[in-house]
Amino acid sequence: MAEEVKVFRSWGSPFSYRVELALRLKGVAYEYIEEDLSNKSTLLLEYNPVHKKVPVLLHHGKPIAESLVILEYIEETWQENPILPKDPRERAVARFWSRFLDDKCSLALWMSCWTEGETQQNFMEQAKECLHLLEEELKGKKFFGGDSIGMVDIAASFIAHWLGVLEEVAGISLLDEEKYPNLCKWTEEFLKSDAVMECLPKRANLLAFFQARKHAISATKASV
Amino acid sequence: MAAAGGIEVKLIGAWPSPFVLRARIALNLKGVEYEFLQEKFEEKSELLLRSNPVYKKIPVLLHHGKPICESMIIVEYVDEAWPAAGRAILPADPYERALHRFWASYVDDKLNPSGAALSKAQTEEAKVEAAGQVIAGLKLLEEAFGRLSKGEGFFGGDDIGYVDIALGCFLGWLKVTEKTSGVKFIDEEKMPLLARWAERFCAHEAVKAVMPEPERLAEFARKRAASAKTPPAN
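Protein chains in written order, with full-length UniProt numbering: chain A, 1 to 224; chain B, 1 to 234.
Okay, chain A solo, but in the shape it has when bound:
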């Protein structure tokens, strides 16, 4: 049965992590295929010719790409532990925040960590606005999904784990406990889940990876 479900992933990718987490929350056994993003496999390029990216979910040999599209598919295919509410309006709200995380939030957070000077200041302002909105959305709730982890929580896993690493590498602070107590509490609760921890990349490995990347960028700048 496990061979029916395969995930093309990269160990450090927060996007392929979303897919693995959703499958684990639903108790779906799967096999993963590790991709070297600097040397993508022929299979990956065949299954995702449009974007050539991870993650790709393969179910009964049929490929699906784009992490949020995959999450919706997983939700519809395996009914245990729903990650979306039943009510249409609540579903629309969950989809809204999932897209918000991708369209506005991730970029601002990521760019805050990789830019400098005034550009960085602008991105940090945007990032703080995004974090503030998420903070408000969490009010009175353990998770974005309510009492249990839902689609928005899965989409936000970048904030629970990757953000801290990037802040350290960049030497900046964004997720301030005083300003965002709800988000910090949410991170703690999120990381208590077995399913979350099972496939999370080791912090030390992520740190080493991003530090190496930072050195490589500085080296390129220095040699110009």
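Because the hints were derived from the structure by calculation, they are not lab data. The structure presented is a predicted model; accordingly, all values stated were derived computationally and were not measured. C-beta: ideal position from N, C-alpha, C; glycine also. Any given hint could turn out to be false.
[To be verified] Covered stretches of chain B (in silico footprint by chain A; criterion: 3 or more residues with CB under 8 Å from a CB of chain A, positions within the stretch not fixed):
1) 74-88
2) 100-108
3) 128-142
Guided by the hints, dock chain B onto chain A, whose structure is given.
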């Protein structure tokens, strides 16, 4: 007093917006009556700012006074909130649904931005490059049409579906850009499926009453460009 829909459903929008058009087509497909609240172009209404504080953008659907934002999320909401009405906008099979969601995301994440890049391009070189990107994207959709339509007339099969709405909303503006740039984007010879689909889409009952004429859109664009050049009086 209100029919199924009626004053219970309001749509905040503006007639030239292709994103607003998506919501209108979805509501029409489901036969849902709604009140259209036309936004003024110079100033966003209090209602809009209150209903969509995150993006402050149209369209916003108000159902029993509660807002739903983001055009394709509104389309999906309309599909789910009125399941028995009209026809399903997304197919029933999960894999087919995933394909529709994938291509709708493609339109928003790749195709639309390349179209935006084209309208902002300043040099001839930049315009050619941007136009090339748009055409490359449309070619992928031509192929996708073959796969999704299963030999029928729309991406959704025998009737308009999710991807038709996601892409079709831009056809009016595409015609305007074709005239101003001299580039034929949906060439009948190179993209026969999309060319025929475009005609079918624009002629559809749920679309033709709400899709603005290209001439009207062109006029709107001209006025907008003219007022942008005139500095505001202080």
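Quick rundown of the hints versus the structure:
Only residues whose C-beta sits within less than 8 Å of a C-beta in chain A count toward coverage, and the region 74-88 of chain B has 5 of them, enough to reach three; the restraint holds. Coverage of a stretch by a chain is defined here by at least three residues with a beta carbon nearer than 8 Å to that chain's beta carbons; for the region 100-108 of chain B and chain A the count is 4, and the condition holds. Against chain A, the region 128-142 of chain B contributes 1 residues with a C-beta closer than 8 Å to a partner C-beta. That does not satisfy the three-residue criterion, and the hint is violated.
In the structure shown, a violation is registered for the earlier hint numbered 3 alone.
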